[in-house]
Amino acid sequence: MKLKLKRPLAFFDLETTGTNIGVDRIVEISVIKLHPDGSEEVKTWRVHPGIPIPLESSLVHGIYDEHIKDEPEFKALGQAIAEFIGDSDLAGYNSNKFDIPMLMEEFLRAGVSFTLDDRHFVDVQNIFHQMEQRTLKAAYQFYCDKKIENAHSAEADTRATMEVLLAQIERYENMEWEDKKGNITVPVVGDVEALHKFTNLSKPVDFAGRMVYNEQGEETINFGKHKGKRVEDVLNAEPSYYSWMMQGDFPLYTKRKLEEIYTRWNAKKNAERQAKNAAQQQKPAEQAHAPRPEVPKADYPKKEFHKPDHTKTQYPPKPFKKKEEPAQPVNDDMLAQLALKFKKG
17 MKLKLKRPLA FFDLETTGTN IGVDRIVEIS VIKLHPDGSE EVKTWRVHPG
67 IPIPLESSLV HGIYDEHIKD EPEFKALGQA IAEFIGDSDL AGYNSNKFDI
117 PMLMEEFLRA GVSFTLDDRH FVDVQNIFHQ MEQRTLKAAY QFYCDKKIEN
167 AHSAEADTRA TMEVLLAQIE RYENMEWEDK KGNITVPVVG DVEALHKFTN
217 LSKPVDFAGR MVYNEQGEET INFGKHKGKR VEDVLNAEPS YYSWMMQGDF
267 PLYTKRKLEE IYTRWNAKKN AERQAKNAAQ QQKPAEQAHA PRPEVPKADY
317 PKKEFHKPDH TKTQYPPKPF KKKEEPAQPV NDDMLAQLAL KFKKG
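The sequence shown begins at 17 in the working numbering and counts up by one.
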């Protein structure tokens, strides 16, 4: 086997009630755990979804309500599934966009502790789509020259996926591939970490693809009016966007990753606010205790001394008023003088 493993690689496939990660449920899960020594373990669980299985979904995978009516719900199986997967890397067909986020949604809903941190993820579909552009059925026929028996049963699809990956490694050994930027590499090799890098095309933050990493490794919004913007920039411009997403119909794992970003952003804002307040408080204190600059004596302004002049009036003199005499009574002389003054001719 040319696939070199440093730890187990868990191939898995889900059959579900539908494709809405936030609403639909798992009805069957199969895991093939491939160990570094080449040995494998296989486990398959039927799951009661807690909701009716739509007829269109049953027609695809062949599982109807009567087939799972006595099966346990995921919350009763989740811990056993998590323990079986253990610290394995994960592989599947279209697993990065569907199976991994759907499985994480069930784990979170059931309260089962399971982390995706420090794992590698190999999406066999992405290898196939970049190299040949086919479906799983065609891929199995193309790479393995076989037809899938019991197609759309979880274990049959899982085994087909595993065999396709092994055939891909064999087929594309030493084959060069050119990306959109013109870079030429040999991407399909027997190394899980290299396959992880090659198959994680959009670098999703939450696997549902609502947030992705940009070329600088920063989280960005990948839908709606803020598509392409950094999440932190959106939180700065529109803080209510966080509440809208947390209360909206988004997968729980998307909300968990958004909460991690929000917590980091909020801590940064609080640190900046505290630093600003400390700087404002320190500035008046420094001004109060700062020594006043000494002015050289030669620079002091000289006061001119003037001897008081007592001869000068300090205040402007009051205006002179003529003393008024009491009015005299009218007599004959006064009448005669008036007559002469106003005499005509």
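Be a bit skeptical, because a hint or two may be false.
Below, a list of computed lysine to aspartate or glutamate pairs in the DMTMM-like style, where the Cα atoms sit at most 25 angstroms apart [what the hints assert, rightly or not]: (1) K113 x E194; (2) K20 x D86; (3) K113 x E288; (4) K49 x E165; (5) K219 x D207.
Quick list of the computed label-pair ranges, beta carbon to beta carbon [said to hold, decoys possible]: (6) T131 x A167: 26 to 34 angstroms; (7) Q297 x A92: 51 to 59 angstroms; (8) N190 x E89: 43 to 51 angstroms; (9) A96 x Q146: 17 to 25 angstroms.
I should point out that these hints are in silico values taken from the structure, not numbers from a laboratory.
Where a beta carbon is used, it is the ideal one built from N, C-alpha and C, also for glycine.
Cross-check of the supplied hints:
no.	hint	in the structure
1	K113 x E194	holds (24 angstroms)
2	K20 x D86	violated (40 angstroms)
3	K113 x E288	violated (37 angstroms)
4	K49 x E165	holds (21 angstroms)
5	K219 x D207	holds (19 angstroms)
6	T131 x A167: 26 to 34 angstroms	holds (32 angstroms)
7	Q297 x A92: 51 to 59 angstroms	holds (57 angstroms)
8	N190 x E89: 43 to 51 angstroms	holds (48 angstroms)
9	A96 x Q146: 17 to 25 angstroms	violated (35 angstroms)
Against the hints set out earlier in the document, violations occur for numbers 2, 3, 9.
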